[in-house]
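*Asks:* Just so you know, the sequences run in chain order R and P. Take 83 as the starting number for the first sequence in the numbering used here and just add one per residue. Take 243 as the starting number for the second sequence in the numbering used here and just add one per residue.
Simulated from the structure, these hints should not be mistaken for lab results. Yeah, the Cβ is synthetic: ideal placement off N, Cα and C, and Gly gets one too. Some hints here could point you the wrong way.
[What the hints assert, rightly or not] Here are the simulated DSBU-like cross-link-like pairs (lysine-lysine), alpha carbons at most 30 Å apart as the crow flies:
(1) P:245 with R:160
(2) R:152 with R:137
(3) P:245 with P:313
(4) P:299 with R:152
(5) P:260 with R:155
(6) R:160 with R:196
(7) P:245 with P:312
(8) P:297 with P:255
(9) P:245 with P:295
[Unchecked claim] Far from chain P by the CB rule (all over 10 Å, computed), these chain R residues:
(10) 88
(11) 104
(12) 139
(13) 163
(14) 166
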Amino acid sequence: AQTVTQSQPEMSVQEAETVTLSCTYDTSESDYYLFWYKQPPSRQMILVIRQEAYKQQNATENRFSVNFQKAAKSFSLKISDSQLGDAAMYFCAYRSENQGGKLIFGQGTELSVKP
Amino acid sequence: DVKVTQSSRYLVKRTGEKVFLECVQDMDHENMFWYRQDPGLGLRLIYFSYDVKMKEKGDIPEGYSVSREKKERFSLILESASTNQTSMYLCASSFRQAVNTIYFGEGSWLTVV
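Please build the complete structure, drawing on both the sequences and the hints.
*Replies:* Take a look at the structure:
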């Protein structure tokens with residue numbers, strides 16, 4: 083079965099600095115999708131970034147970028163120029179066609195941003 | 243904008259009560275999901291549905307059932323609520339293919355006393 087692991091329950095970053103959140107996953111599939119979701123205190127899940135496994139190029143969305151290492155099954159999220167509004171719970175997630183399209187989540191990382 | 247609406251944000255129920263959590267989406271999505279969120283455990287899938295009247299068990303279906311009579315509505319049912327079902331429940335929906343984004347509702351906080 084596929085699993086997703088986030089080994090950092092909490093992280094902290096100074097405003098304007100860069101922080102990297104770690105995620106590893108386990109799968110025997112070759113085609114899948116990886117996601118980072120942000121959950122602020124409102125609890126609304128917001129898609130931050132998506133990576134297709136067949137693409138070698140790392141996805142980027144403004145200040146957010148990923149380091150996707152398919153062989154190592156690693157998918158980290160880098161947040162550059164951190165802002166106070168980035169403070170939230172971040173979830174890494176896996177999805178594939180073979181799993182009925184369901185998202186498999188990691189445990190989450192609580193990110194705090196210090197002014 | 244895609245909208246996934248959960249009917250109740252906060253509920254308090256008594257042990258043994260039957261509880262209904264309702265979810266409606268307005269984008270004609272085939273897939274709908276119910277997740278439970280607990281601290282340190284992330285989001286765990288309870289049930290999902292890929293079509294009307296179709297359902298699949300997720301990772302933690304015990305104590306729950308679901309109903310999907312119409313495409314836009316997916317209900318989670320706690321037949322006899324217990325205190326260990328106190329949690330945050332999140333509904334989500336998407337088009338069938340895995341490439342598509344999954345959209346979430348705002349969550350329902352359920353407390354069972």
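*Asks:* For each hint, tell me whether it holds in the structure or not.
*Replies:* Verification of the hints:
no., hint, result
1, P:245 with R:160, "29 Å, holds"
2, R:152 with R:137, "10 Å, holds"
3, P:245 with P:313, "14 Å, holds"
4, P:299 with R:152, "29 Å, holds"
5, P:260 with R:155, "42 Å, violated"
6, R:160 with R:196, "17 Å, holds"
7, P:245 with P:312, "16 Å, holds"
8, P:297 with P:255, "26 Å, holds"
9, P:245 with P:295, "21 Å, holds"
10, 88, "8 Å, violated"
11, 104, "14 Å, holds"
12, 139, "16 Å, holds"
13, 163, "25 Å, holds"
14, 166, "22 Å, holds"
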